[in-house]
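Protein chains in written order, with our numbering: chain A, 308 to 689; chain B, 701 to 829.
Wrong hints could be hidden among the right ones.
Said to hold, decoys possible - Partial pick of chain A residues on the chain B-facing surface, computed with a CB cut under 7 Å: (1) 439; (2) 445; (3) 455; (4) 461; (5) 462; (6) 466; (7) 503; (8) 622.
To be verified - Simulated coverage check for chain B against chain A, where a stretch passes if three residues somewhere in it have a Cβ under 8 Å from a Cβ of chain A: (9) 755-763; (10) 770-777; (11) 785-791.
As the list claims (entries may be wrong) - Quick list of the computed label-pair ranges, beta carbon to beta carbon: (12) B:801 to A:530: 22 to 28 Å; (13) A:360 to B:791: 50 to 56 Å; (14) B:769 to A:422: 25 to 31 Å; (15) B:711 to A:364: 30 to 36 Å; (16) A:364 to B:814: 39 to 45 Å; (17) B:809 to A:572: 45 to 51 Å; (18) B:815 to A:347: 53 to 59 Å; (19) B:710 to A:367: 32 to 38 Å; (20) A:347 to B:723: 54 to 60 Å; (21) A:615 to B:745: 52 to 58 Å; (22) A:422 to B:723: 45 to 51 Å; (23) B:797 to A:323: 37 to 43 Å; (24) B:710 to A:688: 58 to 64 Å.
By construction, these hints were calculated from the structure, which means they are not laboratory data.
Ideal Cβ positions, reconstructed from N, Cα and C, are used throughout, including at glycine.
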Amino acid sequence: MREVCIIGAGLTRFKEHWSSSLRDLFVEAALKAIDDAKVSEIASMYVGSMSSGLFVEQEHIGPMLVEYLGVKNVPAVRVESACASGSLAFRMGFIEVASGLSDIVLVSGVEKMTDCEDVTSALAAAADVENEVFFGATFPALYALIARAHMDSYGTTREQLAAVSVKNHKNGAKNPDAQFQREVSLDAVLNSVMIADPLTILQCSPISDGAAVMILAPLDMAKKMTDKVVKITGSGAATDTIALHSRKEIASLDAVRLSAERAYNMARKKPEDIDVCEVHDCFSIAELVAIEELGFVKKGKSGKFVEEGNTEIGGKIPINTSGGLKAKGHPVGATGIAQIIEIYKQLTGNAGERQVKDAKIGMTQNMGGTGASSVVHIMEVV
Amino acid sequence: MSSPKIWRQRIERYRLLGQKCKDCGKVLFPKRLVCSECGGREFDKEPMPEVGKIITYTTVYFGPKFLEQDIPYILAIIELKNGVRITTQVVDTEPKEVKAGKEVKFVFRKLKDEGKTGVIIYGYKAQLC
Numbered sequence: 308m309r310e311v312c313i314i315g316a317g318l319t320r321f322k323e324h325w326s327s328s329l330r331d332l333f334v335e336a337a338l339k340a341i342d343d344a345k346v347s348e349i350a351s352m353y354v355g356s357m358s359s360g361l362f363v364e365q366e367h368i369g370p371m372l373v374e375y376l377g378v379k380n381v382p383a384v385r386v387e388s389a390c391a392s393g394s395l396a397f398r399m400g401f402i403e404v405a406s407g408l409s410d411i412v413l414v415s416g417v418e419k420m421t422d423c424e425d426v427t428s429a430l431a432a433a434a435d436v437e438n439e440v441f442f443g444a445t446f447p448a449l450y451a452l453i454a455r456a457h458m459d460s461y462g463t464t465r466e467q468l469a470a471v472s473v474k475n476h477k478n479g480a481k482n483p484d485a486q487f488q489r490e491v492s493l494d495a496v497l498n499s500v501m502i503a504d505p506l507t508i509l510q511c512s513p514i515s516d517g518a519a520v521m522i523l524a525p526l527d528m529a530k531k532m533t534d535k536v537v538k539i540t541g542s543g544a545a546t547d548t549i550a551l552h553s554r555k556e557i558a559s560l561d562a563v564r565l566s567a568e569r570a571y572n573m574a575r576k577k578p579e580d581i582d583v584c585e586v587h588d589c590f591s592i593a594e595l596v597a598i599e600e601l602g603f604v605k606k607g608k609s610g611k612f613v614e615e616g617n618t619e620i621g622g623k624i625p626i627n628t629s630g631g632l633k634a635k636g637h638p639v640g641a642t643g644i645a646q647i648i649e650i651y652k653q654l655t656g657n658a659g660e661r662q663v664k665d666a667k668i669g670m671t672q673n674m675g676g677t678g679a680s681s682v683v684h685i686m687e688v689v
Numbered sequence: 701m702s703s704p705k706i707w708r709q710r711i712e713r714y715r716l717l718g719q720k721c722k723d724c725g726k727v728l729f730p731k732r733l734v735c736s737e738c739g740g741r742e743f744d745k746e747p748m749p750e751v752g753k754i755i756t757y758t759t760v761y762f763g764p765k766f767l768e769q770d771i772p773y774i775l776a777i778i779e780l781k782n783g784v785r786i787t788t789q790v791v792d793t794e795p796k797e798v799k800a801g802k803e804v805k806f807v808f809r810k811l812k813d814e815g816k817t818g819v820i821i822y823g824y825k826a827q828l829c
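Extracted from the complex, chain A is given alone in its bound form (with noise of 0.2 Å):
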């Protein structure tokens, strides 16, 4: 298997983009990331989208983008696993270029999200349609019973779950392409507007538009190409059930440990060993039970390390520096994209403002629905 680098990166700021399409998004995403790589060719295209069909009523898309980019002919696959579709997209892209099938791959993600009526019924096809959305569950309402589980199993409080969104939007305001760069207190975060008891508002991550896009090469030729070269040298994928109430644990996510372990044990890392992370927190509660699982602390004291800051910014591990889900924003599609490109920045000094000291080695976890596929990547600069 050849090694796996970064070679460029773009994408567009997440917010609501009313003049832009889908095609728009990732055109302007892909350009920035064709010229931040300085190629003149791409070999293969990997697009990661949650549901196009659902949001903006356009399937195949891999052609089209292609047409659109002005790349003509080159082959392109969709790949869709929901909310974890970027990042699945992106292990597909480094699966083809390690293998030696080709060269310069471009692995994106873009989500749409804004032209659709009701957004809600369509990200609960992420969820069991038939044993759970059908019943009445939504997002908000699943991840508020992991929450609510998480609450009577390890006596998480309410204060610790709104901990999480005033740390990711305080990231936020340090990010040029989140799509809220404004911090908010404690008390504005629980008395937010209630979606699903324990779950306010200001914890439940936006509808989104946006595109991220990444050029990938073989280490040989990304040396010559750049000099700030980062190797991608774990990736872990995993599945569970696609209910949650099929789980013996409902305060836990199988995939999640599982997909942390592959990636562990391929780069041959340890928890202890990373210095960024960015993790899937579409819900504060995602973002407490995934740090967890990938074993930067205890499972069940999760909410008492956010509330003593250790996963802020200068703390003994960074979670969401970009803002998160919360704060960045979610275009479902292209979050797990966006999540490697924050760890790029990270890894090339290139964060800004918000710049973690001395990071040489990061890591990205991105799921789909209430974690029923996980993803997990781990990067190093060489």
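Given chain A, work out where chain B should sit, using these hints.
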């Protein structure tokens, strides 16, 4: 949702009928073709008990369009006496009455309708015992 889809699910939705794996005895609801425990492919029919307990719960304040008239509603994961877990609404009570561990029983209720020309879809919800 199409009428054939509703018809197809009548056995579990209306009669609470699941299955028991002939190899390992695992009870599955609703029915599937492969046992999630042992990979077995042969099953006996198995009726579900009509009582269980709440594992975790939430009150939903923003729901899908078909449940607009029920907002806020209580959603819970319920473990039946035989260990089978399901997700459904807890009805005829207030959020403050709902706690993990409380006993519930199934009640037969309208779940949604397909509008003027469609069918009315029934199924189970839960009620505190």
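**Message:** Can you verify the interface hint for residue 439 (chain A): is its Cβ closer than 7 Å to any Cβ in chain B?
**Reply:** Since the shortest Cβ distance to chain B is 5 Å, the answer is holds.
**Interface restraint verdict for residue 461 (chain A) against chain B (beta-carbon cut-off 7 Å)** = 13 Å, violated
**Prompt:** Against chain A, does the region 770-777 of chain B show at least 3 residues with beta-carbon separation below 8 Å?
**Reply:** holds (count 5)
**Item:** residue 347 (chain A) paired with residue 723 (chain B), Cβ distance criterion 54 to 60 Å
**Value:** For residue 347 (chain A) and residue 723 (chain B) the Cβ distance comes to about 59 Å; the hint holds.
**Item:** Supplied contact hint for residue 445 (chain A), tested at 7 Å Cβ to chain B
**Value:** Given a least distance of 6 Å, the restraint on residue 445 (chain A) holds.
**Request:** Could you check if residue 622 (chain A) really has its C-beta closer than 7 Å to a C-beta on chain B?
**Result:** Result: violated, 30 Å to nearest chain B Cβ.
**Request:** Take a look at whether the Cβ-Cβ distance between residue 769 (chain B) and residue 422 (chain A) falls inside 25 to 31 Å.
**Result:** 27 Å, holds
**Item:** Verdict for residue 422 (chain A), residue 723 (chain B) (Cβ pair) under range 45 to 51 Å
**Value:** 49 Å, holds
**Item:** residue 364 (chain A) and residue 711 (chain B) - C-beta distance against the hinted 30 to 36 Å
**Value:** Given range 30 to 36 Å: holds, Cβ gap about 34 Å.
**Prompt:** When you take the CB atoms of residue 360 (chain A) and residue 791 (chain B), is the distance between them in 50 to 56 Å?
**Reply:** Violated, since residue 360 (chain A) and residue 791 (chain B) (Cβ atoms, about 34 Å apart) do not stay within the stated range.
**Asked** Regarding residue 797 (chain B) and residue 323 (chain A), is the given constraint of 37 to 43 Å on their beta-carbon distance met?
**Response** 40 Å, holds
**Message:** Tell me if the interface restraint on residue 455 (chain A) is satisfied: Cβ within less than 7 Å of some Cβ in chain B.
**Reply:** Result: holds, 5 Å to nearest chain B Cβ.
In terms of the numbered hints stated before, the structure departs from hints 4, 5, 6, 8, 12, 13 and 16, listed from lowest to highest.
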